[in-house]
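**Student:** Throw the hints in and build the complete structure from the sequences for me.
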Amino acid sequence: MRNEIYILKQNSLTSGIIIKIGLRVVVLLLCIRILSMISATIWTVLGVLLAYLLVCLALNLIRLVISIILSILIFLLIIGLIILFIF
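Following UniProt numbering, the numbering of the sequence shown begins with 1 at its first residue and continues without gaps.
No wet-lab data here; the hints were simulated from the structure. On a predicted model such as this, the values are computed, not experimentally measured, just so you know. Cβ atoms here follow ideal geometry from the backbone N, Cα and C, with glycine treated the same way. Incorrect hints may appear among the rest.
[Said to hold, decoys possible] The following label-pair restraints were derived from C-beta to C-beta distances:
id	residue 1	residue 2	range
1	19	71	15 to 25 Å
2	56	22	20 to 30 Å
3	80	19	50 to 60 Å
4	51	73	32 to 42 Å
**Tutor:** Structure representation (structure tokens):
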């Protein structure tokens, strides 16, 4: 009984990955078809893609800077509390 459940879990994992890959291919083909219908040039598509990637990079950089600043502040707070309790 346990072996059957384990085999079913393995099969469902593989089929889930195949479904995800299939959906991505379908969405990609649909996007290519829509872009060819509206006759968008490759430079327009690359420009939009580059702008999207730059915005994502900027947001990740901002999040990294904020996390570094908060880490430094927490470190200073802990050191301050230790000094306060010692003296």
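**Student:** Which earlier hints can't be squared with this structure?
**Tutor:** Violated hint: only 1; rest satisfied.
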